[in-house]
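Undergrad: Using the sequences and the hints given, assemble the complete structure.
Residue 28 in the UniProt record's numbering is what sits at position 28 of the sequence shown, and the numbering runs on without skipping anything.
Worth flagging that the hints you see were computed from the coordinates, not collected in a lab.
Here are the simulated DSS-like cross-link-like pairs (lysine-lysine), alpha carbons at most 25 Å apart as the crow flies:
1. LYS123 <-> LYS158
2. LYS153 <-> LYS123
3. LYS158 <-> LYS51
4. LYS109 <-> LYS51
5. LYS109 <-> LYS158
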Amino acid sequence: MTPVTDDMVETFQRDGVVLIKGLWKDWVDVIRAGIERNLAEPGPHAAENLKPGEGGRFFDDYCNWTRIPEFREVIEGSDVAEVAARLMRSDIVQVFHDHVLVKEPGTSKPTPWHQDGPYYFVKGSQTISFWSPLDPVTDATLRCVAGSHRWAKEVLPKRWLAETDFYPDPDAYMPVPDPDAEGLNVREWSMEPGDAVAFDYQTLHGARGNNSTTRRRAFSLRLVGRDAHYVERPGRTSPPFPGHGMQPGERLREDWFPYLRRGTV
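TA: Spelled out as structure tokens, the structure:
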């Protein structure tokens, strides 16, 4: 079992982010194989996030774990559900979706500052995302703003490539901040393959470009706990999951978002 101390739980609850050393250290080759399969066989949500003239390659894709056996293997076979349960303080853990992000060498474009939550149709105090590099990272590591998961207003979601507003009413959200210019409490770590940053869906995060000579492959897994529930958004969410049939306030449907840990449902 990956050790999760009381201090790590308190840090996650207080700051909305904590480093988990070696979460998937025994699964690195499996995840790498899954990412290569994903690159060779992109899903319907795959995107290239660079404009003409921008160097490198910034690929991302999500919601592929049911068709890529390596991803299913690590989700169901590792102890990530138990780690998530401890950090969220939830007896229930459900899969929401997976996400792959690849920045090839010389990709100077940063991952924009954003919160994941406003893109999703799920809300709750028990949400968690694991971001794990499959290559050693320093400057291209994930950066998170401690405490941002408790901000009173959500950050306006933007489209990464077009840089346009994601929803029609931007006044309902706060503008995207500049954490470095504003002196916010940014947490970041040099990481080895299989390490993971665990963060709340409402935690503001981003990443610098990859100006190194090596790849930066990252695998993310998004899970939810007992109090997570479906909410309506003012537009198409990302991921969209069309035809889900859920109503506001309901927990995510089990047949689409299976339980990894059932607790007392």
